[in-house]
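Using the sequences plus the hints, can you model the full thing?
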Amino acid sequence: MSFSINPDMAARLIDGCYYIVDPGNRMLHMLNDTGTYIYSELKKGSEPETIIRGLCGEFEVSRGEAERDMEEFTEDLREKGILL
Amino acid sequence: MSLSSLERGPDFSIDIAGVCCRVTLDKDLPGIERIYRGFFSSPVSPDFTVRVTLEDEVPAAEEVEISCLDNGESLKGRGMNITVSQGEISGEVFRDIHALDSVLRAAYSVFLPPRGGLLMHASSLGGEVYTGPSGSGKTSSVRGRDNILSDDITALRKVSGSWRVCSTPFSGEFAGEFENRSCPLTGFNMLRLDGDLEPGRVYREILRNTLFYSASPEGFGALADIARELSLLIPGRGVYSRALAGV
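Line by line, the protein sequences are chains S and E. Under the working numbering, the first residue of the first sequence is numbered 19, with each subsequent residue one higher. Under the working numbering, the first residue of the second sequence is numbered 248, with each subsequent residue one higher.
Bear in mind the hints are in silico, worked out from the structure with no lab data behind them. Remember, predicted model here, so these are calculated numbers, not experimental data. Be aware that a few hints might be false.
To be verified - What follows is a list of derived Cβ distance ranges for each label pair:
| hint | chain 1 | residue 1 | chain 2 | residue 2 | range |
| --- | --- | --- | --- | --- | --- |
| 1 | E | S292 | S | R71 | 56 to 66 Å |
| 2 | S | M48 | E | G442 | 10 to 20 Å |
| 3 | S | E67 | E | S407 | 28 to 38 Å |
| 4 | E | T271 | S | L31 | 39 to 49 Å |
| 5 | S | D33 | E | P380 | 15 to 25 Å |
| 6 | E | G382 | S | R71 | 44 to 54 Å |
| 7 | S | L46 | E | S332 | 18 to 28 Å |
| 8 | S | E90 | E | P290 | 54 to 64 Å |
| 9 | E | E420 | S | E90 | 21 to 31 Å |
| 10 | S | M48 | E | P482 | 16 to 26 Å |
| 11 | E | D443 | S | P25 | 31 to 41 Å |
As the list claims (entries may be wrong) - Pulled from the structure, derived: some chain E residues nowhere near chain S, Cβ distances all over 12 Å:
| hint | residue |
| --- | --- |
| 12 | D262 |
| 13 | D273 |
| 14 | I282 |
| 15 | P306 |
| 16 | L316 |
| 17 | D317 |
| 18 | Q333 |
| 19 | I344 |
| 20 | S387 |
| 21 | A422 |
| 22 | F425 |
| 23 | R451 |
| 24 | R455 |
| 25 | S463 |
| 26 | G468 |
| 27 | E476 |
Even for Gly, the Cβ is constructed at its ideal location relative to N, Cα and C.
Structural data, given as structure tokens:
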């Protein structure tokens, strides 16, 4: 798995949550705590394995849950064009 | 017709929020003096220009269609068929003051963000901004008050490090009544919402109620930066206009 952030999207961190504006369809996406954590790590260029381990530690979830969260979230962001 | 408008001819310059626009028309258009008289400015060194021909047939769709071009963006609809490029708008506009007004609103919505400002669907009482969707009570919130700064469309701009509320000529029932004025921005009143609002909610409401006739990622980036700064600096609260009327 490899991910890159779409540079056309305007992502801004406000009060601990990412808000992402899509100029193409004028949609504003708000990420929850988990989404903000994953997105921040992707922005830093972290590997999926590092993010999954980080999710287990930060949010006290099992590895299976972390993998599912990571997969669903990145798939959702790909569909929205936020990840390329 | 006043002497000043006779001398002005079909071209004129306006200043909104300290940003100057030079408008060049190919023929006279009635209504310019009435709508923009409080905002006329010197034609020297405009920040951007609007150079349009007035036509009898121009796309009239209510929604403006924005398309990317090699040299900028194309805007079609609401009586305009124009190209927005670096510092200039050119094209055709329906021969009507309201169509020209739509072009100028679009122009300022695009050219203010790179200059640290934006246009909002909002009215203002001094430094208090009342914003919300169409029909939420922006005009009702300020009608009858003696410190109305703007109605319907309001500009916000950072000047010398401080955010200011600026009047615009883009107003509904108060058209032509406002002067070019500004005062320090003190608060956002989000119509049809309740209580004190978190910065994230203020950010969403600012973006939701901002005019921006562009699909440019750079433009959206500038807008997002402005909205973020405002949401963290300026307090926001929900307010129902009916309750406000009793204040």
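Are any of the numbered hints broken by this structure? If so, which, sorted upward? As far as the earlier hints go, 3, 9, 23, 24, 25, 26 and 27 are violated by this structure, in ascending order.
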